[in-house]
Amino acid sequence: MTSPFTFWDARTAEEAAALLSKKGAMALGGGVDLLGEMKEGIRAPEHIVNLRSIPGLDKIQKTDRGWRVGATALLTDIADHADLRKDLPGFAESAEAVATPQIRNQGTIGGNLAQRPRCWYYRAAEFACVKKGGKGCPAEKGENRYLAIFGDGPCHIVHPSDCAPMLVALDARLFLRGPDGARDLPIADFYELPSKNALCEFTLKPGEFIEAVEIPTALPRSTYVKIREKDSFDFAIAACAIAGKIDGDHFTDARVVLGGVAPVPWRSVTAEANLRKNTIADAVEPASNSATDGARPMSQNAWKIPMTKAAVARAIRSFLPR
Amino acid sequence: MKNGEQRIEFTLNGDKTSVTFPTFKTLLEVLREELNLTGTKHGCELGECGACAVLVDGKPVLSCLMLAVEADGTKVTTVEGLADDARLHPLQEAFADCGAAQCGYCTPGFLCTAKALLDKKPDANRREISEALAGNICRCTGYIQIFEAVEQAAAKMAVKK
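From first to last, the protein sequence lines stand for chains Z and Y.
Okay, so the first sequence: first residue is 0 according to numbering that gives the first Met the number 0, each after it adds one.
Okay, so the second sequence: first residue is 0 according to numbering that gives the first Met the number 0, each after it adds one.
One chain only, chain Z, in its complex shape (with noise of 0.2 angstroms):
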């Protein structure tokens, strides 16, 4: 397949956090990601250290925080999760939505929330982009149709993960684990702008890894929608994720996350407080128009602006009653 490297079962998250410190080492959940990667000709660790060896790394459990779900678990155990399904609804559909049902019994939460862009400028070997330390953006002047809306570079991907939005709505913590010890933080500052760090969307220090994301239940309904121009299954065009409380008519606490339309999960303030100050019914013009507010499109991409503003849409009249 590619070029040799040498694998290793961790047994602990210890271990892994070791060897992951290695030069060339790459931690690997399920694979889905880091082979296409691998074969795509973009990376060539000389060390791949299995995740999936960690006894109970696997874990999805209730704790008196809410759930705690350790990086190997497969997404499709996620989605498959009835008591998880029942406190956080969103969660659960933003597993179901990933992929094909074979790649969700292979990938795992981890590697969903870690896994790389798809942009075809990043994907393909050829292109010295900024996001491989090259220089500049070849989409700017190229094929930048299904690429960012928001961020204004100078990387122009959208982030790929459904299970990422939906958790910067519930305001998940990642816990990390690296050689130096654990540390943990809310999601969204897991991940960054091109503008800080064009190389990667994620802030891991060298030989750190995830180790479990914990998820509070405070807010007890969510959900998420994606639009996908496959609908099979694809990366998503736009997707949203909406994680709030509801008294009656209206929801007293709202967070609105968009995905597949900026490099990093989009919060939207804006549509937030349009939600939280309307009836849901009264709120699903204001709350989706406003969701766009800032987007500044490319030289193909305007098209997402009312795809976006129709997920959004979607996403509040879910709350409605049927």
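These are calculated hints, taken from the structure and not from any lab test.
Here a beta-carbon is modelled for each residue, glycine too, at the ideal position from N, C-alpha and C.
Some hints could be false.
[To be verified] In silico DSBU-like links for lysine-lysine, alpha-carbon gap of 35 angstroms or less:
{"#": "1", "chain 1": "Y", "residue 1": "Lys15", "chain 2": "Z", "residue 2": "Lys85"}
{"#": "2", "chain 1": "Z", "residue 1": "Lys38", "chain 2": "Z", "residue 2": "Lys195"}
{"#": "3", "chain 1": "Y", "residue 1": "Lys1", "chain 2": "Z", "residue 2": "Lys85"}
{"#": "4", "chain 1": "Z", "residue 1": "Lys61", "chain 2": "Y", "residue 2": "Lys119"}
{"#": "5", "chain 1": "Z", "residue 1": "Lys229", "chain 2": "Y", "residue 2": "Lys58"}
{"#": "6", "chain 1": "Z", "residue 1": "Lys61", "chain 2": "Z", "residue 2": "Lys85"}
{"#": "7", "chain 1": "Y", "residue 1": "Lys74", "chain 2": "Y", "residue 2": "Lys155"}
[As the list claims (entries may be wrong)] Residues from chain Z that keep clear of chain Y, each with C-beta distances beyond 10 angstroms, as calculated:
{"#": "8", "residue": "Pro3"}
{"#": "9", "residue": "Ser20"}
{"#": "10", "residue": "Lys21"}
{"#": "11", "residue": "Lys38"}
{"#": "12", "residue": "Glu39"}
{"#": "13", "residue": "Asp86"}
{"#": "14", "residue": "Ser194"}
{"#": "15", "residue": "Cys199"}
{"#": "16", "residue": "Thr251"}
{"#": "17", "residue": "Ala272"}
{"#": "18", "residue": "Thr278"}
{"#": "19", "residue": "Trp302"}
{"#": "20", "residue": "Ile304"}
With chain Z's structure known, arrange chain Y on it following the hints.
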């Protein structure tokens, strides 16, 4: 075993199997190149077509995106493991009866994925069938015959029980 090689032991189509291979090989490459089971197909190599689907511990996965070393200790079923000696699996018979295969390249992936569905949900309806097979692409049949074949196989298997 040489440097850069792995040895795994697993159950392949019901038989205890051990195999040695270069570490970088995927399960698909080991099945085809080391074990001569060429029923499982190379397709897109990137998780977009489902042609390489096999069952690992009963669940359909894409063998092109799984390192073979990860199959150690598992039970793997490929299309070669579906028939019972000379008797075809009801899904294989139904695919032939319904014209659910034309060029046949995608068929092994469809058969394995459909088997996992019927093992778990013998009375799967059309929507459940199309969802389970959403990751398998066929460019010949237009899918309808494939859905009908899975329904026909499910009906036959229900009568046999």
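Results for each hint:
no. : hint                 : in the structure
1   : Lys15(Y) / Lys85(Z)  : 41 angstroms, violated
2   : Lys38(Z) / Lys195(Z) : 28 angstroms, holds
3   : Lys1(Y) / Lys85(Z)   : 51 angstroms, violated
4   : Lys61(Z) / Lys119(Y) : 27 angstroms, holds
5   : Lys229(Z) / Lys58(Y) : 24 angstroms, holds
6   : Lys61(Z) / Lys85(Z)  : 12 angstroms, holds
7   : Lys74(Y) / Lys155(Y) : 26 angstroms, holds
8   : Pro3                 : 5 angstroms, violated
9   : Ser20                : 20 angstroms, holds
10  : Lys21                : 16 angstroms, holds
11  : Lys38                : 6 angstroms, violated
12  : Glu39                : 8 angstroms, violated
13  : Asp86                : 24 angstroms, holds
14  : Ser194               : 30 angstroms, holds
15  : Cys199               : 21 angstroms, holds
16  : Thr251               : 35 angstroms, holds
17  : Ala272               : 37 angstroms, holds
18  : Thr278               : 33 angstroms, holds
19  : Trp302               : 23 angstroms, holds
20  : Ile304               : 28 angstroms, holds
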